[in-house]
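Just so you know, the protein sequences line up as chains A and B, in that order.
With the first letter of the first sequence counted as 1, position 82 gets the number 82 in the numbering used here; the numbers rise by one all the way through.
With the second sequence counted from 1, adding 356 to any position gets you the numbering used here.
In short, the hints are calculated from the structure, not lab data.
Keep in mind it's a predicted model, so treat the numbers as computed, not measured.
Among the clues, some could well be false.
What the hints assert, rightly or not - Label pairs and their in silico Cβ distance ranges:
#1 K348/A with E371/B: 17 to 23 Å
#2 A475/B with R221/A: 54 to 60 Å
#3 E371/B with V202/A: 45 to 51 Å
#4 K479/B with L260/A: 52 to 58 Å
#5 A269/A with R438/B: 40 to 46 Å
What the hints assert, rightly or not - Computed footprint of chain B on chain A, listed as stretches where at least three residues anywhere in the stretch have a Cβ under 8 Å from a Cβ of chain B:
#6 11 to 21
#7 169 to 175
#8 285 to 295
Backbone N, C-alpha and C fix where the C-beta goes; we use that ideal spot for every residue, glycine too.
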Amino acid sequence: MMTLWWAQIVAVIRLEMKKTFFAKRGLWVYLLAAAPVLIWAGHSINMMMIRDHQRDVATEHPLATETLESIQHGMSRADVEEKLGPPYSRRMVRTRRQDRAWLNYTDGESNYTFMFEDGELRGISKRQIYKCSIPQDSLIFATVFQFFYLRLAIFFGCVGVFMNLFRGELIDKSLHYYLLAPMRREVLLVGKYLAGLITTVVIFTTSTALQLWTMWLHFDRAAIDEFLRGPGWHQVAAYLGVTALACLGYGSVFLAAGLLFRNPIIPAATVLLWESANLFLPAALKKISVIFYLQSLCPVVAPPDKEMAAPLLLLVSSAEPTPPFLAITGLVVLTIAVLIAASFRARKLEINYGTE
Amino acid sequence: MSLPPPIEESLIVFENVSRFYGEVLGVNRVTLSIPPGITSLVGPNGSGKTTLMNLMTGLVRPTRGAIKILGIPPDDPERLFRLLGYSTQFDSFPKGLTGFQFVYSFLRLFGTTHSECEALAWKSIERVNLVEAANRKVAGYSKGMRQRIKLAQSIAHDPRVLVLDEPLNGLDPLVRAETISLFRELAAEGRHVIVSSHILHEVDMISDQVILLSNGYVVAEGKIQGVRSEISDHPMQVLIRCNRPGALASKVFEQDSVVEARIHADGGGLLVKTRDPDRFYRLLNHIAMNGIEIESVAPADDNVNSVYEYLIGAEESTK
Chain A
1 MMTLWWAQIV AVIRLEMKKT FFAKRGLWVY LLAAAPVLIW AGHSINMMMI RDHQRDVATE
61 HPLATETLES IQHGMSRADV EEKLGPPYSR RMVRTRRQDR AWLNYTDGES NYTFMFEDGE
121 LRGISKRQIY KCSIPQDSLI FATVFQFFYL RLAIFFGCVG VFMNLFRGEL IDKSLHYYLL
181 APMRREVLLV GKYLAGLITT VVIFTTSTAL QLWTMWLHFD RAAIDEFLRG PGWHQVAAYL
241 GVTALACLGY GSVFLAAGLL FRNPIIPAAT VLLWESANLF LPAALKKISV IFYLQSLCPV
301 VAPPDKEMAA PLLLLVSSAE PTPPFLAITG LVVLTIAVLI AASFRARKLE INYGTE
Chain B
357 MSLPPPIEES LIVFENVSRF YGEVLGVNRV TLSIPPGITS LVGPNGSGKT TLMNLMTGLV
417 RPTRGAIKIL GIPPDDPERL FRLLGYSTQF DSFPKGLTGF QFVYSFLRLF GTTHSECEAL
477 AWKSIERVNL VEAANRKVAG YSKGMRQRIK LAQSIAHDPR VLVLDEPLNG LDPLVRAETI
537 SLFRELAAEG RHVIVSSHIL HEVDMISDQV ILLSNGYVVA EGKIQGVRSE ISDHPMQVLI
597 RCNRPGALAS KVFEQDSVVE ARIHADGGGL LVKTRDPDRF YRLLNHIAMN GIEIESVAPA
657 DDNVNSVYEY LIGAEESTK
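All chains should be built: construct the whole structure from the sequences, respecting the hints.
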């Protein structure tokens, strides 16, 4: 019997994969997955441009820190230019009363701006050149991953894929072909769920991997190697695993919702509200959500929102993060429980397209 | 020597079956026992034909009563659909599949191997004469081709019970004749072929028995001859979609039995009222072979409904 069920599950997956991967109505799922990749790619390109510009300036206008530090208030512009040479950029403003000039220099570590009024040095500003570090970027990545990618991109991606597995076919009036096959409804449910899971895991883990790759694109090879020798590979594996588990958990919830509700917006909004309120829920209730287990498994703790209003901060409750083994078990148990509940609905499912 | 199967294992049995959609009646207190052969469910739109078929196949469940298909209840899909095939009235298909892929993919759900499925798929496609179009996308098929590929899908696993909801709708006269002959072939092999239609004339030609439905009730069942004589005086209206409706009109008026013919408002078809559907369909077959391209033949059913009103009125008056 198991052999037959497995053959049927594989047949369902084959039929579903084409639809879930290449459906026109699923195009926005790809856009959701691609959005953070584009953001990180933009960040990396920007950082590379800044670095290249600074390198060019430092090469063309080489100056020692000591030379720049020796410049004193009250010096004339001619003296400064004689001592430091021409600046890499300058700005002049001439009014009836006053002439103002700003000369910019760099030692490769900091940018120095000298401000002159009527040819006399009146102000010196020194700003350290912004340089990213992998730990810094990792922290930003953790925030984007937990607050945008998990809670919105994967969440809504799963809404799009899993809700359509049954609901989409009810709308297209083609679900009856499955129900007229010599197959248990539970087997159909598992087949469809696995098809959705494969699709979302492929799309979103690929996106996670690309996000990490594009984030590191602007770092030196040596810095990346050093990071990977340290916590790097563990973080990569953890992020990919959390992505897959998010698809597993949210997938089951939205597959069940697609069987129970005609309008996907209502369950999606309800689950989103519940998951978003997780931060403020009592510790016991926190555990009845997908995001709680996922956050416990994230390798970097996202910093709390500094701009959160003080009264809201008071409402934030903390539950001890669950150990990885328990978090994974909790998610799997939650998924199985939801799928069992969905299978009861699937058994009673009737074809009445007129009401869809 | 093995014993013959019990009688209930060769029958489709409805025992006091009712189905309500909320307040709306689908079918009520249906008690039937359908033997092998071609059985037609006849009735106007909304009479409960499709509900009865959906009940038979487990797509909807009865509010009351019990159903057994050759001894198997419809809520046991693993056993039921190995011996039952259903071609529904829904003109919709999974997206992106060719005719062959459509038949093949759903055969794989039976757990059979690739080569077996491939052989069965081609065999059934051949049976409905669609081999040449089998590798084209179903989305590009004509209405008639879609009907035939649905039929191929429903017979591909060689079922003992075949349930067909309006299977002749949209077929041109030649394909209609071929399809009817296929039904006869299948029935002659000892299968149950349950066909729904709202064209009494059509079922007259193909049925061994008929079940007449109205407003969710079975109002008559049995052999068709008795029913047929009652309707012979009532002209039947048919819409023929063709390339030259004017030429077709002049041809059909050569028949005495045609009482009216008018070109459809969109100019792409002809509405014909006839008192002798038998002769009229024979004439259409002849015309189809003589230059006028007939795309489809379908009942334009105000009149069929009136026939049923007449029949049902007669039924009620005898109560």
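Structure-based check of all given hints:
For K348/A and E371/B, the Cβ-Cβ distance of about 21 Å falls inside the hinted range of 17 to 23 Å, so the restraint holds. Separated by about 57 Å at the C-beta atoms, A475/B and R221/A satisfy the suggested range of 54 to 60 Å. For E371/B and V202/A, the Cβ-Cβ distance of about 50 Å falls inside the hinted range of 45 to 51 Å, so the restraint holds. In this structure the hint that K479/B and L260/A lie 52 to 58 Å apart at CB is violated, the actual value being about 40 Å.
Restraint check, A269/A to R438/B: a C-beta distance of roughly 43 Å satisfies the suggested window 40 to 46 Å. As drawn, the segment 11 to 21 of chain A meets chain B at 6 residues by the rule of a beta-carbon pair under 8 Å; at three or more, the given contact holds. Counting residues of the segment 169 to 175 of chain A whose CB falls under 8 Å from any CB of chain B gives 4; the rule of at least 3 is met. Under the rule that three or more residues need a Cβ within less than 8 Å of chain B, the assignment of the segment 285 to 295 of chain A is violated, with 0 such residues.
Of the numbered hints listed earlier, those contradicted by the structure are 4, 8.
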